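**Student:** Whenever a hint applies, use it, and build me the whole structure from the sequences.
Respectively, the protein sequence lines represent chains A and B.
Residue 514 in our numbering is what sits at position 375 of the first sequence, and the numbering runs on without skipping anything.
Residue 440 in our numbering is what sits at position 332 of the second sequence, and the numbering runs on without skipping anything.
Quick caveat, the hints were computed from the structure, so don't treat them as lab data.
It should be emphasised that the depicted structure is a prediction, and the values quoted were computed from it without experimental measurement.
Please note: incorrect hints may appear among the correct ones.
What the hints assert, rightly or not - Below 20 Å or equal to it, Euclidean Cα-Cα: the simulated EDC-like pairs (lysine to aspartate or glutamate) are:
1) K423(B) to E344(B)
2) K116(B) to E161(A)
3) K745(B) to D287(A)
4) K816(B) to D404(A)
5) K457(B) to E435(B)
6) K508(B) to E274(A)
7) K706(B) to D468(A)
8) K508(B) to E557(A)
9) K713(B) to E466(A)
10) K255(B) to D317(B)
Here are the chains, one letter per residue:
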Amino acid sequence: MQRPIKLSIAALGGQGGGVLAEWLIEIAEAEGYLVQSTSVPGVAQRTGATIYYLEFFPRAEAERLGREPIMALMPVAGDVDCVVASELVEAGRAIQRGLVDPARTTLIASSHRSYSITEKSALGQGTADAAGLIELARGQAKRLILFDMDAVAEQHHSVISSVLLGAICGSDALPFSRRAFEAAIRQSGIAVETNLAAFADACQRAQRGDATAQLQAAGGLREIPARARSPKLQPLLERIWRLPAVARAIALEGVRRTIDYQDPDYAALYLNRLERIRALEASPWELTLAVARSLALWMTFEDTIRVADLKTRATRFARVRAEIRAEPDRLVGITEFMKPRVAEIAGTLPAGLGAWVLASPRVSRWLGRATGSRRIRTNTVSGFLLLHGLGGLKRWRRGTHRYATENARIEDWLARIERLARAHHDLAVELARAQRLIKGYGETHERGWQNYSALLARLEELAARPDGAALLARLHEAALADEEGQALRRELAALA
Amino acid sequence: MAERSFAKEVKSLRLGAGAEFRGEGILAVTKALLQSGVAYVGGYQGAPISHLMDVLADAQDILTELGVHFEASASEATAAAMLAASINYPLRGAVTWKSTVGTNVASDALANLASAGVKGGALIIVGEDYGEGASIMQERTHAFAMKSQMWLLDPRPHLPEIVRAVEQGFELSEESHTPVMLMLRIRACHVYGRFMASDNVRPPFSPDDALRSPSRDYGRIILPPSTYAQEREKIEQRFPAAVRFVAQRRLNEFCDGDAGDIGIVLQGGLYNNVLRALELLDCADTCGGSRVPLYVLNATYPLVPDEWTRFCTGKRAVLVVEEGQPEFIEQAASRILRQREVATPLLGKGLLPMNGEYTVDVLRKGIGEFIGQWAPALRGRAAGRPVTEAPLVPAAQLAKLVPPRPPGLCTGCPERPFFAAMKLLQREMGPLHISADIGCHSFATLPPFNMGNSIMGYGLGAAGASAFHTDGPRRPVAIMGDGGFWHNGLTSGIGNAVFNRHDGLTVIIDNNYSAATGGQDIPSSRWPNERRQGNNSIVDAVRGVGVKWVRHVSTYDMTQTVKVVREALTTPVRGPKVIVAEGECQLNRQRRIRPLMKKAIGEGKRVVRERFGVDPDTCTGDHSCIRLSGCPSLTVKPNPDPLRTDPVAHVDNSCVGCGVCGEVAHAAVLCPSFYRAELLYNPSWWDRLLARLRAGVIGALQRRSERKRLRFAL
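**Tutor:** Right, dumping it as structure tokens:
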């Protein structure tokens, strides 16, 4: 006896899985099918993972039998013809539930990521392995339609449900005519034109079996030019060329960054420091590589001057317009949320003065009154001039209190690395990587510095142990495990 | 203004005899009520029956035409008490709620109703919130039916059956003078299907008729000696009458199969999934033709002893498929068979799990084992259908690839800044004991807030903190939603705190609606509703029951919120402190605002649309902003900086510009990476002029520094 066609939709609460289900019901009935649809929205409607489940059975067949099919109210492992997932991890979840059968199931999924809170609240890198998920989908599905449906929806100013509908239509997973699909969109009477455009695009991609999922790429490294545009930079470039091949690309970024942050002399200082380390090791240059990265980041610490500089650039203004999708002629205002504390202000003062301010509670208190929440409107002349002026202090940066502090810290860090480099090479590499802990602003930055210092305090002890490097790596991870520093405290206690 | 409008669907409530009705199960129930000549309807929203309340609210015109009285009751207790109208008069009444939570609230009234007995049919439609998608503790409504002796219908999840159950439920109630519970599981409430409609029936007797000639009978009052008589009546008349009705009207169904020496008894609600399981075991066809004889209990209480003996006699074994625990049906049936000396082994729990939803996968396994043990011949054929039960990839590896996705507060939710403020305050004051409550704010117990030590029930947040009102080192904090406040919190929490001289803090989170259940209006809702009296001030109510220390804050003003909460926890003033933390539910707000904004822009009015963003080059990928907010629109993206590996924060286009990002950045001294962009629609000539001047100056300066940078470009 003929069995119903089974389709399961895995969506995120509020993503319109319900709309998609309603469309499919209309289509099926128009095409002479009996259809049953169920869902379990509940609390999951609030941004959680939701499932919609539909079964289809030809009305004519039921009439021939004189009996109606009994349809299940939930998808069953190994018994689903088509699984639709509006997001990559939800596709993974469907596979986890056993809904995707390699011998049977067409998997139609969007390759875009909508990160769950557990992923995005990590102190460092906490997002799921998208490449792994795509590989999983490729291995598990009988037929796979996988592309960034969110992007396609965006591109047609439509919603992902119309893209999914198009993909379902194009995949031929359901025995329904394209005409019926389009009719359903028209009947809904909302944003018909844009929805139809998105539908058509997706339908075509599905027909040619589009499973080309491009992942959103992180910033890549660049080719190293043979000649610098300005002769003043040529020596720097040549020094990069003299570095081990593996480290060049990173070093180039480091030089770019330090020039952009300060000036070519500062980049020269960066290379001096890097070469000091390079001289201490041989291939495979692990330490040089680690230091090249960490040193560049540390030397370009985010002080008030840096932030002001970055916020006032033309490129930044353009990026904001792009981010918010402002039409070319749209007037756009930009408001910054600054809250400089005494520490930040003192940091920007000449070293001696800054130290004095921080040392004297009375002055700090007095300055404290001047601090507080600032909303700066960068698109106004006054707001812009304020930040632009602050960014202009760059030329005096080397004299600031913050610079003195960070510079001392960097030198201490390098000295320790140098000391460890020969006898405890691996530990030195881990120490170089530990710079990653020091990031953010205000309290976040202080927390990072404290964690880093806590690691330093145990360095000698670690050097004495054969597994010192591995332990430092463990501590590094622990420091990034939770904000309250519980994991780190546990690990440190475990050491002793 | 409910989250979902059924304005379109309710048209189908007018369908007459012969027309085919298509729609959600819960909508079919509404239609069935009208077809049964119901005179009054009440209830309290909550998944999975929220839509029933929404449909009724949207169907007001049709109800008025038919002379049906509908109320959005203040609580399930109110709704249950409403059924009192059916005690003395031939009035058919129906109420609905989420079970078992709602049934708990209602049980005082229900118990008295069940004791008094009814003249008019009284139907209680409960959404059994059990299994996947449930948001409450896992219990059975069955126990309430037994303890108060109300009948329990559990129809097949098939629209014609559900409609029939409603109509027969009223008759059963009248025949046996007993309220009847109609239980619908989550998926049955949302199942889309069809049935042949019949005409709506105007209630033959109306509340007005009752008021014109009130009738009274001391025998129906809950006082001795009536109560003793009522108990006897239950046993001697009502119970037998019910059993008779269920048997004579064939509420339960028998399907024979060729494997006649075994059988399966199942709750009607599980029918479709049991049949699918049998089909996958090759013991049934697609259209319900089962080879194993079935006894389908569309009425799960009371049971019909004769039917049980008939079904079980001569069988080698019978499996009882009964979801949830304790296994009341299995226990009762065993007793029946023992008394009637039917020796057939009764199996159930053991082969099937004691707890948890009976999904098709679970049923396939349990029934498969049953058949394997008692009718291996059938099982032999079951090899037929290949079904991979597990993915190819090992579970452990999958678990790593697939992170959990807990629900959370929506984009721009007004409750987010409040809990962010609480998080900041606890950093400063140390951890607090927080008695949480039911509502959207329950999500604060999940990441990223992880706040709240207990949840005692809807509106019971304040009551749940009662034991902590000592002169201890720190004051306890109780959370309560505006929905829970009006449901019972005003008396159970606030009034109680005043009376018992509590010293702690209760925060009433006022988002203007019963938001978690779908944005239904409540007494303090502000937006015009021509059928209800809104705008009743929570602050006044709180003062009214005697609270002296009351503050009102806007949740979006985090700095102020932190200040006020700190004050509440540290002030020398004794007595209960109440903070009404207000911010309109963003889902409802957007539904309200969006069309207005569109219209204004269309009309050429000057409009500013705000949204937030993050500068990726100043963001260091620490994500403390996300840990303080957790807004769905505040997410991460791969770091564009080749030297940095940690993803950067990023605000996507779903941002509604609620302002929390800026507040968090300020209140938490977080990071300067956030910016607010103001998009200006229909600028005035002055706007344009000013913009041009600004662009002139700023552009010139920017070009200068660009040139400088270009000199040293590498």
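**Student:** To test your reading of the hints: which numbers does this structure violate?
**Tutor:** Hint check: 1, 8 and 10 fail, others pass.
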